[in-house]
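Peer 1: In the order they appear, the protein sequences are chains F and A. In terms of the numbering used here, the first sequence is residues 57 to 372. In terms of the numbering used here, the second sequence is residues 3 to 326.
Keep in mind the hints are simulated off the structure, nothing from the lab. Among the clues, some could well be false.
[Unchecked claim] Taking lysine to aspartate or glutamate and the EDC-like style, the derived pairs with C-alpha atoms no more than 16 Å apart in a straight line are:
| hint | chain 1 | residue 1 | chain 2 | residue 2 |
| --- | --- | --- | --- | --- |
| 1 | F | K238 | F | D252 |
| 2 | A | K225 | A | E213 |
| 3 | F | K180 | A | E219 |
| 4 | F | K80 | A | E157 |
| 5 | A | K27 | F | E247 |
| 6 | F | K298 | F | D143 |
| 7 | F | K180 | F | E243 |
| 8 | F | K182 | A | E24 |
| 9 | A | K86 | A | E74 |
| 10 | F | K80 | A | E24 |
| 11 | F | K116 | A | E157 |
| 12 | F | K269 | F | E296 |
| 13 | F | K129 | F | D143 |
| 14 | F | K213 | F | E296 |
| 15 | A | K225 | A | E157 |
| 16 | F | K116 | F | E128 |
| 17 | F | K269 | F | E247 |
| 18 | F | K182 | F | E115 |
| 19 | F | K133 | F | E117 |
| 20 | F | K80 | A | E121 |
| 21 | F | K133 | F | E115 |
[What the hints assert, rightly or not] Cβ-Cβ distance ranges computed for the label pairs, FRET-style:
| hint | chain 1 | residue 1 | chain 2 | residue 2 | range |
| --- | --- | --- | --- | --- | --- |
| 22 | A | P180 | F | F257 | 55 to 63 Å |
| 23 | A | N120 | F | F352 | 42 to 50 Å |
| 24 | F | L154 | A | I242 | 26 to 34 Å |
| 25 | F | I101 | A | E74 | 52 to 60 Å |
| 26 | A | E74 | F | W228 | 21 to 29 Å |
| 27 | F | I98 | A | K125 | 41 to 49 Å |
| 28 | F | I98 | A | R317 | 36 to 44 Å |
| 29 | F | L267 | A | P88 | 29 to 37 Å |
| 30 | F | F257 | A | W226 | 39 to 47 Å |
Only a predicted model underlies this, so the values are computations on that prediction, with no experimental measurement involved. Here a beta-carbon is modelled for each residue, glycine too, at the ideal position from N, C-alpha and C.
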Amino acid sequence: MNGTVEIEKTGILKMLKSRRLGNKVSPTGNILINLLFIICSIICIAPIILITVISFTDEKELLVNGYSFFPEKYSVKAYDYVITAGDTIWRAYGVSILVTILGTILSLMVICLYAYPLSRQSFKYKNFFSFFAYFTMIFGGGLVPWYMVYTQLIPIKNTLWIMIVPYLMNAWYMMIMRTFFKTTVHESIIESAKIDGAGEFRIFFVIVLPLCKAGLATIGLFCTLGYWNDWWLPLVFITEHKLYNIQYLMYQTLNSIQYLASGSAQFSESSKVLADLPSESARMAIAVISIGPIIFAYPFFQKYFVKGLTIGAVKG
Amino acid sequence: MQSKQGNTTIIKPSVNKGFFYELKKNWPLFVMLIPGVAILIINNYIPMFGIVIAFKRYRFHGNFINSIIQSEWVGFRNFEFFFKTPYAYQITRNTILYNMAFIFLGLVVPVAFAIMLNEITNKRTAKVYQSVMFLPYFLSWIVVSYLAYSFFSIESGFLNRSFLASLGIEPVKWYFEPKYWPFIITFFQLWKYTGYNTVVYLAAISGIDTEYYEAAEIDGATKWQQIRHITIPLLRSLMIIMTLLAVGRIFNADFGLFYHVPRNSGQLYPVTDVIDTYVYRALRNTNNISMAAAAGTYQAIVGCITVFTANFIVRKIDKDKALF
Chain F
57 MNGTVEIEKT GILKMLKSRR LGNKVSPTGN ILINLLFIIC SIICIAPIIL ITVISFTDEK
117 ELLVNGYSFF PEKYSVKAYD YVITAGDTIW RAYGVSILVT ILGTILSLMV ICLYAYPLSR
177 QSFKYKNFFS FFAYFTMIFG GGLVPWYMVY TQLIPIKNTL WIMIVPYLMN AWYMMIMRTF
237 FKTTVHESII ESAKIDGAGE FRIFFVIVLP LCKAGLATIG LFCTLGYWND WWLPLVFITE
297 HKLYNIQYLM YQTLNSIQYL ASGSAQFSES SKVLADLPSE SARMAIAVIS IGPIIFAYPF
357 FQKYFVKGLT IGAVKG
Chain A
3 MQSKQGNTTI IKPSVNKGFF YELKKNWPLF VMLIPGVAIL IINNYIPMFG IVIAFKRYRF
63 HGNFINSIIQ SEWVGFRNFE FFFKTPYAYQ ITRNTILYNM AFIFLGLVVP VAFAIMLNEI
123 TNKRTAKVYQ SVMFLPYFLS WIVVSYLAYS FFSIESGFLN RSFLASLGIE PVKWYFEPKY
183 WPFIITFFQL WKYTGYNTVV YLAAISGIDT EYYEAAEIDG ATKWQQIRHI TIPLLRSLMI
243 IMTLLAVGRI FNADFGLFYH VPRNSGQLYP VTDVIDTYVY RALRNTNNIS MAAAAGTYQA
303 IVGCITVFTA NFIVRKIDKD KALF
């Protein structure tokens, strides 16, 4: 009895599959679509390839022939320079790494702690606090008062904190996390833990958070990307050179190619070295180094971003 | 059954006992909210009250609160001053026109791409295209400005030295010629976000029940008819909502795109200056903080009205998709 059902099922599946196979665009259409996407993919990737090639091009060649996808002479001098003499660069890289790690951890904590009470059906003020966060997405005071707050009210301008604090709370991520809590942790689990005598904090850290690892990973990656790619806060608040992060350093070097040399103590005096500096290729090398971690972590990023996107789309 | 009912009747009156009862009962939940509330107050709510700066002649008096209180009240004079400059019209026009173009292209291109990507016979290559086109989303505007520079640099850029030179065309001073920039700006906006938006619509398409297509096919519908009568109607509510949310933000420009990609070149301001970049420069370069605040307030208030209107319409279409 069971066997015939099984056979019938596979038979239907086969039929459906063959139908799906028949339900396809024409071969010509398929080729045209593929062609379009190949062109688009090239457009998306070509600029990244170009700056990578420039970073490996001989400096003299760049001055004579300009930027090209197929230079005549390659060189790793730019990377040599970045590795051996670029203390400005490594410092900025360090600032970026520190801010990203610290910022992601703190921000994840703030967001989760805020999202969890709002995910609880029994919490009476959840609507009020939801609105308290939403409202910041709708209305803001604008740049000037915001700038005043961090320079005059809480003067953390020119410290590491200014690159962390403003992004700690994000209403949009908080909403996604809240939906995550709501859908993965059932209220009855919390109730039974309560009956067993567990306190709210214990329930949150021991039961809820471990159940929501995927959500933590998603929001964590959002935050990581946000902190790593941030140039806005240094642009507004950082004037001290030793606190430049990698993005802001890149901004400065694109404006003045001499910046790299001027920041580096042992080189600023000898103008001979300055002349030898592979500046054009070196700044492209910094750009390549700054995208490096993103490319390496790309499979993770992509997976979790798509996940976050689909959760974000269904607001709970 | 009996005891359960008894329970609810006991709990019910206690629920309505007010804030302090709730605070006592659920204090750990309130403690959890403290860090987030603190950040929101510092980062968002205090600046909201700072809007009064726009109505004052701001002078620094020792500390922030004193400065706000003691600065002279000037009513709408900062706004008058701002709207009398030619920039007020220019930056408003640029912000709205660019955003309109972005909204239109950000709807049509990703939807078309998502539909086509879904139709590609070889699913693995489709995945590769998707991954490659999603990549630009992960790069910062600074990196994008480097990429743009490698093409547009006047002395050594790829376009001037390799492309135009091989065609025998004179090099173009890209960063000083406003006429090209509406296209360049729009191109980079599309370049960065098309992959992301395509993924959004692709996720929606993959959620469509295949039975619709099977039924349509049995009835002899062509591929084109299936797209027109099944896919697009089923995507419509997502399309409307994404568009309206973007319309709500029509007064907010992407600072990085308009500041870094044209490298803040003064000659390009007529076509690249938007409200956000103007306010930033007003704060930085001129010392007229109050006028910068007036421009920012103008943006905040008009922006708030557009968001509310858009949200009101979204609510009418699909309550779950509304922002609030």
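Peer 1: If a hint holds in the structure, say so; if it does not, say that too.
Peer 2: Results of checking the hints against the structure:
1. F:K238 with F:D252: violated, 21 Å
2. A:K225 with A:E213: With Cα atoms ~15 Å apart, K225 of chain A and E213 of chain A stay inside 16 Å; holds.
3. F:K180 with A:E219: violated, 51 Å
4. F:K80 with A:E157: violated, 49 Å
5. A:K27 with F:E247: Given that 16 Å is the threshold and the Cα spacing comes to 15 Å, the pair holds.
6. F:K298 with F:D143: holds, 10 Å
7. F:K180 with F:E243: holds, 15 Å
8. F:K182 with A:E24: Holds. K182 of chain F to E24 of chain A sits at ~12 Å (cutoff 16 Å).
9. A:K86 with A:E74: With a Cα-Cα distance of about 21 Å, the restraint between K86 of chain A and E74 of chain A is violated, given a limit of 16 Å.
10. F:K80 with A:E24: Given that 16 Å is the threshold and the Cα spacing comes to 60 Å, the pair is violated.
11. F:K116 with A:E157: The hint holds at about 14 Å.
12. F:K269 with F:E296: It is violated: about 38 Å lies between the C-alpha atoms, which goes past 16 Å.
13. F:K129 with F:D143: Violated, at about 27 Å.
14. F:K213 with F:E296: This hinted pair holds, its Cα atoms lying about 10 Å apart.
15. A:K225 with A:E157: With a Cα-Cα distance of about 50 Å, the restraint between K225 of chain A and E157 of chain A is violated, given a limit of 16 Å.
16. F:K116 with F:E128: holds, 11 Å
17. F:K269 with F:E247: violated, 21 Å
18. F:K182 with F:E115: violated, 60 Å
19. F:K133 with F:E117: holds, 13 Å
20. F:K80 with A:E121: holds, 7 Å
21. F:K133 with F:E115: Roughly 8 Å between the alpha carbons, so the hint for K133 of chain F and E115 of chain F holds.
22. A:P180 with F:F257: 55 to 63 Å: holds, 58 Å
23. A:N120 with F:F352: 42 to 50 Å: At 29 Å between Cβs, range violated.
24. F:L154 with A:I242: 26 to 34 Å: Taking Cβ atoms as reference, L154 of chain F and I242 of chain A lie about 43 Å apart, which means the hint is violated.
25. F:I101 with A:E74: 52 to 60 Å: This hint holds: roughly 56 Å between Cβ atoms.
26. A:E74 with F:W228: 21 to 29 Å: 39 Å Cβ-Cβ, so the 21 to 29 Å window is violated.
27. F:I98 with A:K125: 41 to 49 Å: Taking Cβ atoms as reference, I98 of chain F and K125 of chain A lie about 21 Å apart, which means the hint is violated.
28. F:I98 with A:R317: 36 to 44 Å: holds, 42 Å
29. F:L267 with A:P88: 29 to 37 Å: At roughly 58 Å between Cβ atoms, P88 of chain A and L267 of chain F fall outside 29 to 37 Å, so the hint is violated.
30. F:F257 with A:W226: 39 to 47 Å: Check failed, 58 Å falls outside 39 to 47 Å.
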